[in-house]
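Undergrad: Given chain H, put chain C in place with the hints provided.
Taken in order, these protein sequences are the chains called H and C.
The first sequence begins at 0 in numbering that gives the first Met the number 0 and counts up by one.
The second sequence begins at 0 in numbering that gives the first Met the number 0 and counts up by one.
Worth double-checking, as some hints may not be accurate.
Same chains, same names: a pair is fine if it fits in one copy or spans any two.
[What the hints assert, rightly or not] Lysine to any residue pairs mimicking SDA-like chemistry, simulated, CA-CA at most 25 Å apart: (1) K433 to P271; (2) K433 to V247; (3) K433 to V29; (4) K79 to V335; (5) K433 to R310; (6) K141 to P240; (7) K433 to Q74; (8) K191 to E352; (9) K433 to A113; (10) K50 to A67; (11) K433 to Q13; (12) K141 to D246.
To be clear, the hints were calculated from the coordinates, so they are not data collected in a lab.
The model shown is predicted, which means the values in this text are computed figures rather than measured ones.
Protein chains: 2
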Amino acid sequence: MTTTQQDCRTLDAQDPLRELRQQFSLPDGVIYLDGNSLGVLPASAADRVAKAVTQEWGQGLIRSWNSAGWFDMPQRLGNKIAQLIGAAPGEVVATDSTSVNLFKVLSTALSIAAIDTPERQVLLSERSNFPTDLYIAEALCKERGLTLLLVDTPYIQAALTTDVAVLMLTHVNYRTGAMHDMQAVTASAHTKGILCVWDLAHSAGAVPVDLTAAQADFAVGCGYKYLNGGPGAPAFVWVNPRHTARDVWQPLAGWWGHAAPFAFTPDYQAAPGISRYLCGSQPVLSMSALDCGLDSVLAAQPLGGMQALRRKSLALTDLFIELVETRCAGHGLRLVTPREHAQRGSQLAFTREQSPHAPPPRGGDSGAYAIVQALVARGVIGDFRAGDGGAIADVLRFGFTPLYVGFEDVWNAVEHLRRVLESGEWQRPEFHHKSTVT
Amino acid sequence: MTTTQQDCRTLDAQDPLRELRQQFSLPDGVIYLDGNSLGVLPASAADRVAKAVTQEWGQGLIRSWNSAGWFDMPQRLGNKIAQLIGAAPGEVVATDSTSVNLFKVLSTALSIAAIDTPERQVLLSERSNFPTDLYIAEALCKERGLTLLLVDTPYIQAALTTDVAVLMLTHVNYRTGAMHDMQAVTASAHTKGILCVWDLAHSAGAVPVDLTAAQADFAVGCGYKYLNGGPGAPAFVWVNPRHTARDVWQPLAGWWGHAAPFAFTPDYQAAPGISRYLCGSQPVLSMSALDCGLDSVLAAQPLGGMQALRRKSLALTDLFIELVETRCAGHGLRLVTPREHAQRGSQLAFTREQSPHAPPPRGGDSGAYAIVQALVARGVIGDFRAGDGGAIADVLRFGFTPLYVGFEDVWNAVEHLRRVLESGEWQRPEFHHKSTVT
Numbered sequence: 000m001t002t003t004q005q006d007c008r009t010l011d012a013q014d015p016l017r018e019l020r021q022q023f024s025l026p027d028g029v030i031y032l033d034g035n036s037l038g039v040l041p042a043s044a045a046d047r048v049a050k051a052v053t054q055e056w057g058q059g060l061i062r063s064w065n066s067a068g069w070f071d072m073p074q075r076l077g078n079k080i081a082q083l084i085g086a087a088p089g090e091v092v093a094t095d096s097t098s099v100n101l102f103k104v105l106s107t108a109l110s111i112a113a114i115d116t117p118e119r120q121v122l123l124s125e126r127s128n129f130p131t132d133l134y135i136a137e138a139l140c141k142e143r144g145l146t147l148l149l150v151d152t153p154y155i156q157a158a159l160t161t162d163v164a165v166l167m168l169t170h171v172n173y174r175t176g177a178m179h180d181m182q183a184v185t186a187s188a189h190t191k192g193i194l195c196v197w198d199l200a201h202s203a204g205a206v207p208v209d210l211t212a213a214q215a216d217f218a219v220g221c222g223y224k225y226l227n228g229g230p231g232a233p234a235f236v237w238v239n240p241r242h243t244a245r246d247v248w249q250p251l252a253g254w255w256g257h258a259a260p261f262a263f264t265p266d267y268q269a270a271p272g273i274s275r276y277l278c279g280s281q282p283v284l285s286m287s288a289l290d291c292g293l294d295s296v297l298a299a300q301p302l303g304g305m306q307a308l309r310r311k312s313l314a315l316t317d318l319f320i321e322l323v324e325t326r327c328a329g330h331g332l333r334l335v336t337p338r339e340h341a342q343r344g345s346q347l348a349f350t351r352e353q354s355p356h357a358p359p360p361r362g363g364d365s366g367a368y369a370i371v372q373a374l375v376a377r378g379v380i381g382d383f384r385a386g387d388g389g390a391i392a393d394v395l396r397f398g399f400t401p402l403y404v405g406f407e408d409v410w411n412a413v414e415h416l417r418r419v420l421e422s423g424e425w426q427r428p429e430f431h432h433k434s435t436v437t
Numbered sequence: 000m001t002t003t004q005q006d007c008r009t010l011d012a013q014d015p016l017r018e019l020r021q022q023f024s025l026p027d028g029v030i031y032l033d034g035n036s037l038g039v040l041p042a043s044a045a046d047r048v049a050k051a052v053t054q055e056w057g058q059g060l061i062r063s064w065n066s067a068g069w070f071d072m073p074q075r076l077g078n079k080i081a082q083l084i085g086a087a088p089g090e091v092v093a094t095d096s097t098s099v100n101l102f103k104v105l106s107t108a109l110s111i112a113a114i115d116t117p118e119r120q121v122l123l124s125e126r127s128n129f130p131t132d133l134y135i136a137e138a139l140c141k142e143r144g145l146t147l148l149l150v151d152t153p154y155i156q157a158a159l160t161t162d163v164a165v166l167m168l169t170h171v172n173y174r175t176g177a178m179h180d181m182q183a184v185t186a187s188a189h190t191k192g193i194l195c196v197w198d199l200a201h202s203a204g205a206v207p208v209d210l211t212a213a214q215a216d217f218a219v220g221c222g223y224k225y226l227n228g229g230p231g232a233p234a235f236v237w238v239n240p241r242h243t244a245r246d247v248w249q250p251l252a253g254w255w256g257h258a259a260p261f262a263f264t265p266d267y268q269a270a271p272g273i274s275r276y277l278c279g280s281q282p283v284l285s286m287s288a289l290d291c292g293l294d295s296v297l298a299a300q301p302l303g304g305m306q307a308l309r310r311k312s313l314a315l316t317d318l319f320i321e322l323v324e325t326r327c328a329g330h331g332l333r334l335v336t337p338r339e340h341a342q343r344g345s346q347l348a349f350t351r352e353q354s355p356h357a358p359p360p361r362g363g364d365s366g367a368y369a370i371v372q373a374l375v376a377r378g379v380i381g382d383f384r385a386g387d388g389g390a391i392a393d394v395l396r397f398g399f400t401p402l403y404v405g406f407e408d409v410w411n412a413v414e415h416l417r418r419v420l421e422s423g424e425w426q427r428p429e430f431h432h433k434s435t436v437t
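Isolated chain H (complex conformation) (with noise of 0.2 Å):
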C-alpha cells in the first residue's frame, strides 16, 4: 500500500531527529532538496557572523587572532570535523577550498608513490568522478609526466594493477549519488600497493564515513554542502598519521603549514602532523560560518549521531523513491541511483525518458532541466546537472539533509512534481532559458 500524506505526518511526528529542524532559518514555502549542493543556514550563524564582524574584526582587530582564537581555527574547526568521518583530533585541518587540498593531498600522495614504488605511472580514477577532481589528476600528471586513466565505474576493481600508484576516488557519486565501499576499495588497492585518495565532497555529514577502520590514505571533503558552513565555505583535508610522518612536503608549502610560522625564517620546516597541510590565512568570516554549520550537525551526536542521520535519510530517499515511481508513474523519470541502501549516498538522480503522456519539450532535449525549473518556481527547490551527451544522462537531482527535511516534506514535494508533471507546467518556455549556473 502507497504511503499516504497522513502516514508523512505520523512519521515526523515519531522521528526522533524532528527537533533538529529548528536550527536552521528555512525561507517560507520553501522544500529544500538541495542541501547536497549547499546546506541551509543555521540560525546561530547570523550572531556568530555579526559577532565575527562587528566585535571580533571591527574591536579587536588584529588582537583577534589570539583573543578571538582566529589563529587555531583550522585546527579547532578540524577537530569538530574529524568526529563525523572516523578520524582522530588533530587529523583534520579546515581549509583553502576541496580542488585546492586535493591538489595537496594527490601531489603528496604521488611523491610518496615515487619513492615507494618508482616504477609504477598510472593515476586511477573514474570517468564519472567530480571533474574539478579529474582536471587537477590531469594538471598534475602533465607536470609529472604521469598517466591519468580513468574507467567506467564496473572496471575499477579490474584496473588496480600494479600499474597504478595511486586510486583517486568520490566517495558518493556528485551526479546519481552512487557510493563506493571505502573499506572494500581501499583493501583492494592497498593489496595491490596502491595509495587511495578519496573525496568526501557528498559523504561528509551525508553518510557514515570511519577513514579510520577503511584504513584510507588521503580525504578532503567540502564544507558548504552537508556541513551547512555556507556559500563557499572553507574544505577540509585528512592525511593519516602514517604518511604525515614521511618526509615529503606537500607543495603549498605556505607560512601557515610551517612549524613556527611568527620565526619568520627564510626555510621551511613543516609543521608535525595535519598542520602541514595549511597554505596562507583562512577567511575567517567564513570559517566563523562554518564553525555553526558543524555544530549543527554535531547536534545530532547525542541523538545517534552519523548513524541516527544515516536511517532517516534513507528512509526519506526511499520514500521519495516510491512516492515517484507510484504518483509520477507513466511521466518517463527513471532513477538512476542505485536502489541498495549500501551502494548510495543522501541524494536521488532521476533520468527523464521518452513520455507517453507529452511530446517532446522545445529544443528536443530530456525536460529534465525544465522539470527542475518548474519545481523550483513551485518552491520545491532541487537541482540539474547536464548529461555528457552521450552515455551520460541529464538528471534531476535532489539531496536530502535529514537534519532539516521531513517526511511530509518529501510527500509535499513529490505532489509537486507531480502536478508539473501532469499538468505540462514544465513546457513553459520560461523554464527552458539556462542561467550561467544551475
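TA: Chain C alone, transformed into the frame defined by chain H:
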C-alpha cells in the same frame, strides 16, 4: 621647528581626505597603526555581510549563485582591485590566499621560462622577502630541480644574470617598509630575459602601483591589509595578458578556471584570460566583506585616488619620523625604513638599540617587543616583527593607512611612545610575555 599638536590639528582640518575616515568603525580609544597587517572594518561591511548571510544564503540559498551575483564575484572584485594597481578590467581576480596565488603564478612563470629559456635553472629572490613567498619558491624549486638563489637586497641588480629564469620580489618589504622601484627593476630583469613576479601584499591600496606601465609579468596581493577586506580576506592575482594567451596551465587547474565549469566535461580546458587562475569555490561571506573594503579605498578616487592617498601617507610618515626623532630622542630608537620617499611604502620600522637612559630589559632582548605591548595597552596598536638573531634586528612596526589615520593620531601615538619610554613602563613583566601571534 618641531611640529606641535596644534599644527597636527590644523593639518587634519586642512586634509582633503579627512572625510574618508567616516567610512570606518574604529574602536574608541584606539590609535590604529596596524592597517598593514589587518585593515580596519568599513562600517558598511556589517550590513553587507549580514545581508549575505540572512538574505542571500538564508533566503536565496542555491539560487543566489545567479541572483546575488556570487558566481562572478572573483571577476567583479578583481575589476575593483585592477583600478588600484594599474591593471585593465578583466585582468585581475580576487580569490584564494596570497600564498596559493603565488604558487599559481610562480609555477606558470617557471613553466613559461622552461619553454623560452630552458637552460636557465635559477629562481632569484631576496633573503628578506616575506617567508611564505620563500617557502612557496623553495617547494617549487625542490619539485622542479631548480635553484632558489636568495641574495641581500643590494645585490639583486648584480644577480640578474642569464642564469636566472624568474625574479620574485615583494614590492614593499613587510618588515622594513623599503620599496623597490618596480619599473626600473622589471626593466633591468627584462633586458636579461628574466620574468618578474611581484607580491603587492604591502603595496595594493598603500602606494600607487602601475603594473601595466612597469610591464610586469605576474602579480599577487593581499585583501586584508590596506584593502580592508577583513581577517583572512581572499587575495588577488594579476597576469600580464601576454602570458594568459600562452598555452601553459597554472597547476591548480580546478573547475572554476575551466572555460565552461558547468558543462562538467571530464577534460580540462582553461578559461580565457585571468579566469583560468581560479581554482575552487570562493568563501562568499568573506568576499562580501572584501567588496566593502575595496569600496572604502575606491572612495578616494574622486579625491585624487592613490596619488592623493600617497601624498597623505608620506606626510603622516614624515611626521611620525620627525616626532619620534625629536620627542623620543635618547631612547635608542633607530629608523630602519629608508627616509627617501621613493624607497618606502606606507609603513615604518624602528629598531631599539642600547639606551643610555635605561637598563637592558629582562631576557636581554632589544625591548622592541615589550615597547609594542606597552603601546597596545595604551590603545596604540602597532606590531612587532622578530629579527633573525643576526643581521636582521627586531623591529617595532607602524603602518599608516591615510584613509583613517590622521595627523593628530600620529602626534598622540608618539606622545604615548614617549611616555612608555620615559616612564620605563615597558619594562613591566607583563609586557614581556610572548603570545603565539604578535
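Undergrad: Evaluate each hint against the coordinates.
TA: Now the hints, each set against the structure:
no., hint, result
1, K433 to P271, "between (48 Å within a copy, 22 Å between copies)"
2, K433 to V247, "neither (46 Å within a copy, 31 Å between copies)"
3, K433 to V29, "within (21 Å within a copy, 52 Å between copies)"
4, K79 to V335, "neither (33 Å within a copy, 45 Å between copies)"
5, K433 to R310, "neither (36 Å within a copy, 50 Å between copies)"
6, K141 to P240, "between (28 Å within a copy, 23 Å between copies)"
7, K433 to Q74, "between (41 Å within a copy, 21 Å between copies)"
8, K191 to E352, "neither (41 Å within a copy, 63 Å between copies)"
9, K433 to A113, "neither (45 Å within a copy, 42 Å between copies)"
10, K50 to A67, "both (10 Å within a copy, 23 Å between copies)"
11, K433 to Q13, "neither (41 Å within a copy, 55 Å between copies)"
12, K141 to D246, "both (24 Å within a copy, 13 Å between copies)"
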